[in-house]
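A.B. asks: Spelled out, the chains give:
Number of protein chains: 4
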Amino acid sequence: MEYNGVTIDDEYAEAFPTWVSRIIITAVTEDWAYRAANEATGFATSAIGCPCEAGIEGFLSGDETPDGRPGVAILICAGKKKLKEQVVERLAECVLTAPTTAVFDGLPEAEERIAVKLHFFGDGYEYQKEVGGRKCWAIPIMNGEYVGEEDFGIVKGVAGGNFFVMGENQMAALMGAQAAVDAIAGVGGVITSFPGGIVGSGSKVGSKKYKFMPASTNEKYCPTLREKVEDTKVPEGVKAIYEIVIDGLDEDCVKEAMAEGVRAACMVPGVVFISAGNFGGNLGPFKFNLRDLF
Amino acid sequence: MEYNGVTIDDEYAEAFPTWVSRIIITAVTEDWAYRAANEATGFATSAIGCPCEAGIEGFLSGDETPDGRPGVAILICAGKKKLKEQVVERLAECVLTAPTTAVFDGLPEAEERIAVKLHFFGDGYEYQKEVGGRKCWAIPIMNGEYVGEEDFGIVKGVAGGNFFVMGENQMAALMGAQAAVDAIAGVGGVITSFPGGIVGSGSKVGSKKYKFMPASTNEKYCPTLREKVEDTKVPEGVKAIYEIVIDGLDEDCVKEAMAEGVRAACMVPGVVFISAGNFGGNLGPFKFNLRDLF
Amino acid sequence: MEYNGVTIDDEYAEAFPTWVSRIIITAVTEDWAYRAANEATGFATSAIGCPCEAGIEGFLSGDETPDGRPGVAILICAGKKKLKEQVVERLAECVLTAPTTAVFDGLPEAEERIAVKLHFFGDGYEYQKEVGGRKCWAIPIMNGEYVGEEDFGIVKGVAGGNFFVMGENQMAALMGAQAAVDAIAGVGGVITSFPGGIVGSGSKVGSKKYKFMPASTNEKYCPTLREKVEDTKVPEGVKAIYEIVIDGLDEDCVKEAMAEGVRAACMVPGVVFISAGNFGGNLGPFKFNLRDLF
Amino acid sequence: MEYNGVTIDDEYAEAFPTWVSRIIITAVTEDWAYRAANEATGFATSAIGCPCEAGIEGFLSGDETPDGRPGVAILICAGKKKLKEQVVERLAECVLTAPTTAVFDGLPEAEERIAVKLHFFGDGYEYQKEVGGRKCWAIPIMNGEYVGEEDFGIVKGVAGGNFFVMGENQMAALMGAQAAVDAIAGVGGVITSFPGGIVGSGSKVGSKKYKFMPASTNEKYCPTLREKVEDTKVPEGVKAIYEIVIDGLDEDCVKEAMAEGVRAACMVPGVVFISAGNFGGNLGPFKFNLRDLF
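Protein chains in written order, with numbering that gives the first Met the number 0: chain X, 0 to 293; chain Z, 0 to 293; chain R, 0 to 293; chain C, 0 to 293.
The hints are simulated quantities; they were obtained by calculation from the structure and are not laboratory data.
Source: prediction; values computed, not measured.
Any given hint might turn out to be false.
Same chains, same names: a pair is fine if it fits in one copy or spans any two.
[Claimed, not checked] Below 27 angstroms or equal to it, Euclidean Cα-Cα: the simulated DSS-like pairs (lysine-lysine) are:
| id | residue 1 | residue 2 |
| --- | --- | --- |
| 1 | Lys210 | Lys116 |
| 2 | Lys203 | Lys286 |
| 3 | Lys155 | Lys81 |
| 4 | Lys208 | Lys128 |
| 5 | Lys79 | Lys286 |
| 6 | Lys116 | Lys207 |
| 7 | Lys208 | Lys116 |
| 8 | Lys210 | Lys81 |
| 9 | Lys227 | Lys116 |
| 10 | Lys207 | Lys134 |
| 11 | Lys81 | Lys286 |
| 12 | Lys116 | Lys128 |
| 13 | Lys128 | Lys83 |
| 14 | Lys128 | Lys203 |
With these hints in hand, go ahead and build the complete structure from the sequences.
C.D. replies: Laid out in structure tokens, this is it:
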């Protein structure tokens with residue numbers, strides 16, 4: 000199958016369940032909301048070595064936030080226990096500390112809830128306050144008052160939706176991946192947690208040579224090893240591969256993000272092949288076949 | 000004492016020793032080096048709740064990097080053992096994974112060294128290679144080859160240099176803090192690790208009411224508590240205070256950063272008072288008196 | 000009348016007809032479309048001294064553009080004859096020259112049309128080509144091929160919708176204006192053509208002292224002249240005023256932009272008064288009363 | 000000759016004299032200085048169709064500006080008469096109108112001077128004021144006071160320094176050009192006036208087919224015409240070419256910018272050939288041979 004002249008492999012992405020929280024950070028301007036969100040979602044590319052996976056889901060206008068100020072929605076993804084710990088730490092250290100911020104639950108209808116009791120920071124000077132119908136705590140701080148909800152919904156979402164952008168050289172593949180990330184940014188409910196949304200060094204589980212490694216380079220997809228590895232999956236003429244990894248609130252939005260991303264990548268000259276990563280289908284309960292995206 | 004009509008308090012910042020590594024991240028363009036650096040230095044505002052403190056020190060031209068490509072220098076600060084762990088994790092998850100990156104030691108003359116053995120990711124396909132006179136490992140990855148040094152210098156630096164920007168209202172204080180951060184960005188050897196470089200909720204050690212809290216709001220510096228707290232340190236007419244926290248390679252660069260930052264903040268209309276934070280002088284070995292900056 | 004504690008003056012904005020073209024610029028990534036759009040809309044703040052008024056209306060996903068690539072929609076506003084000249088020059092010099100761009104008409108249903116014959120640049124090597132159902136010209140250029148439509152709709156729109164954001168000091172007013180611009184960016188069909196969307200030096204028609212000046216400072220709204228000018232319109236306690244000027248495709252979108260912008264500005268601490276600019280109501284056919292926005 | 004495996008053509012760039020002014024724009028923060036500078040240097044890619052060529056030369060810290068605030072230096076280039084007109088219009092419409100700006104002469108030692116009398120905007124309320132040893136006018140405006148010098152040095156500089164970045168495909172050439180622009184940004188005294196600093200559609204003087212055209216596509220450098228044009232200059236295997244055009248204060252800085260830019264482009268994978276543009280050497284008095292750059 001081809002799209003805009005690019006071969007779409009007959010492959011599927013294999014993805015996994017994860018717990019997800021969605022947090023709305025507002026601030027005096029969009030830029031200040033973004034800076035807090037950026038700090039709060041850093042060091043969060045992959046659950047293999049980071050304490051969680053996190054990213055910016057999208058921007059919200061004042062009409063869409065409880066306090067009428069511009070906002071940024073972020074997703075934080077991890078196992079249930081780790082998720083609570085990470086939401087607490089990241090809100091406490093990266094958002095409560097940031098200028099002019101407020102924080103609201105982005106999943107008010109979720110049944111599962113976690114408590115994030117930042118109000119202890121107030122040392123007794125804090126008090127309860129309603130903002131936009133939300134029950135919040137106001138904490139006196141040096142720049143005035145921090146206001147935030149402390150009860151956050153979490154849902155069982157999807158981690159590891161993915162596809163591979165393969166190029167006739169490295170820059171074509173990179174710009175294809177960039178175009179994909181641009182397109183995915185417009186899809187609600189998803190994040191691409193890697194740097195700039197793009198993975199340059201996709202991995203396989205474990206290691207053949209170094210048994211202590213939980214993950215190692217995926218040699219079958221390494222263009223420089225194409226002639227050295229028996230069962231290479233690098234198509235002829237491909238010199239670089241980028242992986243786009245997508246986490247999201249549910250299967251539908253991950254699927255939509257994959258569709259938007261693949262189509263966008265295929266518009267970039269020099270992108271020649273699209274595939275996806277899986278582990279044979281026995282590990283993850285979610286499967287997204289590339290050819291079902293069109 | 001006044002500078003540009005702004006009162007400079009007779010106070011000093013009290014700062015602490017920390018171990019610091021300086022890492023040079025290069026990439027195909029400055030923007031891609033920045034994105035990796037941004038991810039690698041996220042969730043790293045304060046050692047109180049983050050695993051380390053980290054930030055971007057500055058940008059480097061191709062003339063200044065071992066591989067002749069544009070680069071970004073970052074500082075990572077923590078206790079010695081934690082530092083090694085964090086450098087390993089952040090390089091492995093946020094830089095090795097990022098498109099087109101390479102990594103080099105930014106403190107080649109430091110005597111203390113840490114080993115960051117990313118080459119195990121290569122699963123045996125990796126090999127040694129010299130780049131710009133540096134002994135590196137090349138690891139075949141999906142986008143081509145990752146190249147990096149694995150031996151990094153660390154030095155005993157300074158954490159917690161600081162000053163307070165006080166404004167007649169919140170926006171004046173915020174823009175004063177922003178101008179300070181702009182100015183500090185031009186000083187070598189330092190970072191401002193908080194979101195956008197600015198702290199909106201400076202803390203005191205411990206808590207009077209909640210004994211389990213390692214830190215809590217610094218009520219003496221909370222403008223909304225000015226009439227409620229006996230020994231308030233909020234000057235009359237001050238409605239908001241931002242703290243700029245500076246970590247650096249040595250006392251000299253932290254002092255220079257404080258000087259540049261304070262002077263810049265004083266140029267912003269509505270900034271009325273500059274002070275600094277300390278703990279009585281018994282905790283930290285470094286003292287930076289504000290009036291010595293001029 | 001008050002909104003969020005901010006006084007809304009009983010005033011109206013007086014606005015004028017203008018011809019408007021809406022042009023869609025696409026490129027390989029959103030960033031490259033933006034850079035071309037940014038260059039094409041520069042030096043275009045005010046028709047008083049610039050050859051036109053122009054700005055970025057919004058970003059478009061690949062689903063919304065004729066060639067399936069990410070895009071930016073810009074508006075260019077001027078008198079009819081000047082508009083054609085400016086569209087030609089700006090597309091020729093700032094978009095055709097930019098990397099990977101294509102150009103499409105953003106008002107395909109408009110009855111009035113202008114021809115923008117860039118294909119002569121092809122020196123005979125150009126040829127016709129259909130893209131997404133649009134009749135285009137493809138021009139061989141150094142980076143490959145430029146593709147663009149040459150027939151653009153224009154409509155009679157509205158120039159000079161406006162409001163004033165008044166603050167208790169300069170930084171409060173500036174951040175209020177910034178929040179307004181953020182909010183207006185989410186409204187379709189409008190631009191704010193001044194630098195960063197904000198005017199720091201609103202003007203009156205003509206000059207009392209220098210007869211050769213077509214416009215001069217609006218002394219009634221100058222805070223530093225509050226005590227020197229008899230009929231000052233600066234409310235007590237106001238130290239700085241910013242004007243947001245809005246051009247748009249029709250009255251509805253200008254009104255919506257004013258409403259979103261005013262509400263957003265009122266959320267910023269230190270913003271104390273909102274007014275609007277007019278010339279007594281005899282010059283412009285469009286009137287937008289501030290109190291009708293709520 | 001090769002550099003990093005890239006062929007450096009035995010060609011020279013042919014450049015022309017131009018008058019240049021260098022203007023320092025300061026503002027409350029670097030970002031606000033940038034926004035004014037960005038607006039003031041828009042619609043200014045090429046003197047062929049724009050009223051001038053202009054761009055951002057670099058950023059200045061508060062230590063380097065007359066008023067101690069962060070600044071941006073811009074260059075505006077044109078014939079002498081046009082230059083004065085453009086400096087007047089661009090400062091009046093794009094900088095005086097921008098929030099919190101001030102303007103200073105960036106060539107105080109130049110013998111040739113132009114007068115830019117913005118103070119008439121003050122309608123008699125303006126007054127003279129010294130700032131940082133510079134004789135300025137202060138004009139009461141809505142956001143407070145605008146302050147600026149009115150006497151600007153101009154020098155005879157160099158326009159049209161250039162080189163071509165040729166890639167094995169479009170994305171490689173584009174990223175090579177981007178890396179070049181990144182590198183040139185660090186060189187003082189120069190600008191790259193095209194969108195994002197890069198030209199996608201380099202031109203020849205005049206047109207063979209359309210006599211009314213002052214410039215048209217340079218078919219000898221069009222990759223898609225390689226097989227159709229007799230005397231093509233597109234090397235085998237080249238699929239896209241970008242031109243970097245440099246204007247500067249003197250020959251030395253243009254030469255340095257070319258050197259930095261070429262070396263940076265050669266570090267990008269897929270860049271295969273560097274050349275430069277000239278008109279046979281009879282038109283422009285300045286010649287920069289590529290091989291002299293190394």
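A.B. asks: The structure should be examined with respect to each hint, and the outcome stated for every one.
C.D. replies: Results of checking the hints against the structure:
| no. | hint | result |
| --- | --- | --- |
| 1 | Lys210 - Lys116 | between (41 angstroms within a copy, 15 angstroms between copies) |
| 2 | Lys203 - Lys286 | within (17 angstroms within a copy, 50 angstroms between copies) |
| 3 | Lys155 - Lys81 | within (14 angstroms within a copy, 32 angstroms between copies) |
| 4 | Lys208 - Lys128 | between (58 angstroms within a copy, 20 angstroms between copies) |
| 5 | Lys79 - Lys286 | within (22 angstroms within a copy, 44 angstroms between copies) |
| 6 | Lys116 - Lys207 | between (44 angstroms within a copy, 17 angstroms between copies) |
| 7 | Lys208 - Lys116 | between (45 angstroms within a copy, 15 angstroms between copies) |
| 8 | Lys210 - Lys81 | both (26 angstroms within a copy, 24 angstroms between copies) |
| 9 | Lys227 - Lys116 | between (54 angstroms within a copy, 24 angstroms between copies) |
| 10 | Lys207 - Lys134 | between (53 angstroms within a copy, 25 angstroms between copies) |
| 11 | Lys81 - Lys286 | within (25 angstroms within a copy, 38 angstroms between copies) |
| 12 | Lys116 - Lys128 | within (15 angstroms within a copy, 50 angstroms between copies) |
| 13 | Lys128 - Lys83 | within (23 angstroms within a copy, 43 angstroms between copies) |
| 14 | Lys128 - Lys203 | between (49 angstroms within a copy, 24 angstroms between copies) |
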